[in-house]
Amino acid sequence: MTEANKAASVAKPIPTITPDMVQFFDGARRGQLMVQKCEGCGELRFPPHEICTRCLGTRAAWVAVSGRGEVYSFNIMHQVYHPGFAAEVPYAVVVVKLEEGVKFVSNLVGVKPADIKCGMPVEVTFEKLNDQVMLPKFRPLTKS
Amino acid sequence: MDLRAKCAIAGLGQTRMGKNYDHHNGMGFAIQAIQLALEDAGLKREDLDGLLVNPGITWSDNAMASFSLQQAMGLRDLRLSATMGLGGATAGAMIMHAAQSIACGMANTVACVFSDAPLKPPAPKDAKSAGGGSAAAYGFARGLNAAYGQFGVNAHYAFVARRHMDMYGTTQDQLGAIAVEQRKWANRNSEAQFHDEPMTLEDYHHSRWVAEPFHLYDCCLVSNGGCAVIVTSAERAKNLKKPPVYLLGMGQGHPGGDPMDTLLSGAPIAKETAFKMADVKLSDIQFAQLYDCYTFTVLVTLEDYGFCKKGEGGPFVADGKTGPGGSIPVNTGGGQLSSFYMWGMTPISEAVIQIRGEGGPRQLPKHELGLISGNGGILSTHSSLVVASHP
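Sequence lines, in order, name chains A and B.
Each residue of the first sequence is one higher than the one before, starting from 1 at the first, in my numbering.
Each residue of the second sequence is one higher than the one before, starting from 1001 at the first, in my numbering.
Chain B with its partners taken away, still in its complex shape:
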């Protein structure tokens, strides 16, 4: 079955992002985001017959989150329901699952949602009880990582980035260029958490170190909020409130193994499937919304889609071609580094806005065909979507 342009994104809903305390958990933000997406599409809750959920880290009922959400928002008689977990590749994968189901007649109108309401990580309050005991609460493999002070994803991604710098001569300035260009986009996006804060390369270098080679501004934001899209058939989408965002191509790539050895994401695999389905070449792509848990992830993803050769991502981004006015605009809302962190929903949301021409001060002049990537784990999972304003 050829899925090219069979389905479209018909609705987008995003709550206020960042320090939003309207809801105290992910469930509340998910319901709000779906309501906004339905309203955007001109649909009612009763029109939904599918619900796909990517629960953020603060959801307490991960195993059956989609059922919990169905009950919480009173959805009846669904034909499709799943809780999905591929990290930052989940949002793209949810849209693929929705499109496949719709194209083969298993569902008609599917909501895909991510939400989160992150709490501060539990810090030991009582110093006496904190040290010396089990390290299980702090780390991964048998507490050994914790014993060495290796905590969190930043620390692991930093290993991979360091390898890239060592292998290819990638510099701190080049990582910084990605952060600076995305901030320029965020300064044009009133929904962005960093809308009001310009940033120079010097500011970047002065931002505090988290885990070298990552400064604070190499790392994505932390956001409370929810983001949902409504996927339906292309035929149905044409008759709804907003112009359809056609799903031309879709693919996934999950390379396995150790990214420190390959310095590769799953993009080459996912791209092959998605571009073939969409019948497009890289030179057709007018903008790219690339998953950016770190600046480094953007650099690797640009290489892996072939915007430049492997190892040349650093020089490629250094001259501003990903920023406003650049030849390949990337993360045009500011991305997760500078707008908000809704995992894979952040790049999808911005692509929908651009394709529809709703970008306001940041609207791109060419916005008919765009690329969206999702990336989970440590370059472990990857989703690729090619979206367009026309079938």
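Just chain A, same shape as in the assembly:
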């Protein structure tokens, strides 16, 4: 989006940092993608739950994951459901399956919707929304 568009448009929704998401956003500010890990069975999960769906354990910690994965599925949104997206339609929403197996709904940056393919390797990048909220997004994985 150009600066002119930015000024003219309404801001997108900014996620509220609810108590169960504090550590997720703490991690994001450090440049780390965080998921929950069940302390009972080790299962990784996102978004956070109070109880593990695998072992029903109630204790969980937050751990950083690689931030690498691949596009598992995606859609291309053509309608404006919130004015913050009016300047961007059509835009894509992707499901990234992380190397660790957890799925993460997000957006891709640096790729046109028409060029998105399932299986495309991607890595996390963070978009600063304000001093508190760094929003994880993904970009095509560049080989290091």
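Please keep in mind that the hints were generated in silico from the structure rather than gathered at the bench.
Just to be clear, a hint being listed does not mean it is correct.
Straight line, CA to CA, 27 Å or less: simulated DSS-like cross-link-like pairs of lysine-lysine [what the hints assert, rightly or not]: (1) Lys1366/B <-> Lys117/A; (2) Lys97/A <-> Lys37/A; (3) Lys1310/B <-> Lys1281/B; (4) Lys103/A <-> Lys1241/B; (5) Lys103/A <-> Lys137/A; (6) Lys1006/B <-> Lys1310/B; (7) Lys1366/B <-> Lys1321/B; (8) Lys37/A <-> Lys137/A; (9) Lys1281/B <-> Lys97/A; (10) Lys1321/B <-> Lys117/A; (11) Lys1281/B <-> Lys1309/B; (12) Lys1006/B <-> Lys1019/B.
Given chain A's structure and the hints, the job is docking chain B onto it.
What follows is chain B alone, placed relative to chain A:
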């Protein structure tokens, strides 16, 4: 207890569908639909002793909707009452609950109703107050989905459809074929919202995108209205006004987990129970009324009942076999894509019409045994009914 043909649908009531503003809320449409169903069956309000309600999204009193409705229409001394919520599988599940209750002597005559009077989703009127704040009003998980622009069920179903296309090579033309065939049925149904509008595959491709891979015509309609059925014992149904629609088999399937991984509905589980109870095979089924929140849902449901192999739903539907004159007629009133959207009541209503032979220009020549599916969430809940003109 064997429930095969113990109970029957004895009455069907449906209001005018679509842009119907006769009532401003779901309650009004529910009362009207039940009155119509009672009249259809030749029964009076006093004959009801059970009331099961699936409130649509605009009902304000969801938690005790069946009690609210009982009070609103002055029903006394009920023996069965429940508000049920399994999304699009609810209608089938209500009929099962009614049949179980009747068969074991807990109730005699049960009304099952869905109604809705959808309002436009609240759009932010004041741009200044719309952005930047809490995203809770717009999305699901902690506002993260909203931050990414992931709004509504269309967007989530699109993920699953895209996986199917990627895994099995399902094409846009194949999804379109489902929409086109159902429109042909709707053009033969005077109650259908799209009765007067034919549609070609080209029209389908030209309809606006909602959430790719879904065009507008991949998505169900939005309808105001109500639809009710009266369930009673097979013995009692025989003596009522209309021919009984026998409930031969009933089953549910709720797979859990992530449908993006499995690309499966609950149909395989529900079918097992329902077909065993009915003592039928798939080849016995003469028509199918399949829950169609999207074209894609029909495709998956056809696969999951075994009309074709998993992954082959696309080629299966591409040559018109679900349409008029086809080998397995599907959604013969136009379905929710082209007739009206009463959640799981839409396929039930059409099955009742077909079994009775009341389909007029769309009446099937073979209509003795039919399959009805209901599907809720994102391939999350499933109900299966096998219905027949004879026990």
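Here is what the structure says about each hint:
1. Of the supplied pair hints, the one linking Lys1366/B and Lys117/A is violated, its CA atoms being roughly 44 Å apart against a limit of 27 Å.
2. For a cut-off of 27 Å, the pair hint linking Lys97/A to Lys37/A stands: about 16 Å separates their Cα positions.
3. A distance of roughly 18 Å separates the Cα atoms of Lys1310/B and Lys1281/B; the hinted pair therefore holds under the 27 Å criterion.
4. Taking the CA atoms of Lys103/A and Lys1241/B, the gap is near 55 Å; set against the 27 Å cutoff, the hint is violated.
5. For the proposed pair Lys103/A and Lys137/A, the alpha carbon gap of about 13 Å is at most 27 Å, so the pair holds.
6. Between Lys1006/B and Lys1310/B the CA atoms are separated by roughly 34 Å; this puts the pair beyond 27 Å, and the hint is violated.
7. Our distance criterion of 27 Å between C-alpha atoms is met by Lys1366/B and Lys1321/B, whose separation comes to about 15 Å.
8. For the hint linking Lys37/A to Lys137/A, the alpha-carbon distance of about 21 Å falls within 27 Å, and the restraint holds.
9. Annotation: proposed proximity of Lys1281/B to Lys97/A is violated, straight-line Cα distance about 39 Å (limit 27 Å).
10. For a cut-off of 27 Å, the pair hint linking Lys1321/B to Lys117/A is broken: about 31 Å separates their Cα positions.
11. A threshold of 27 Å between alpha carbons decides the hint, and for Lys1281/B with Lys1309/B the separation of about 16 Å falls inside it, so the pair holds.
12. This hinted pair does not check out: Lys1006/B and Lys1019/B have alpha carbons roughly 38 Å apart, beyond 27 Å.
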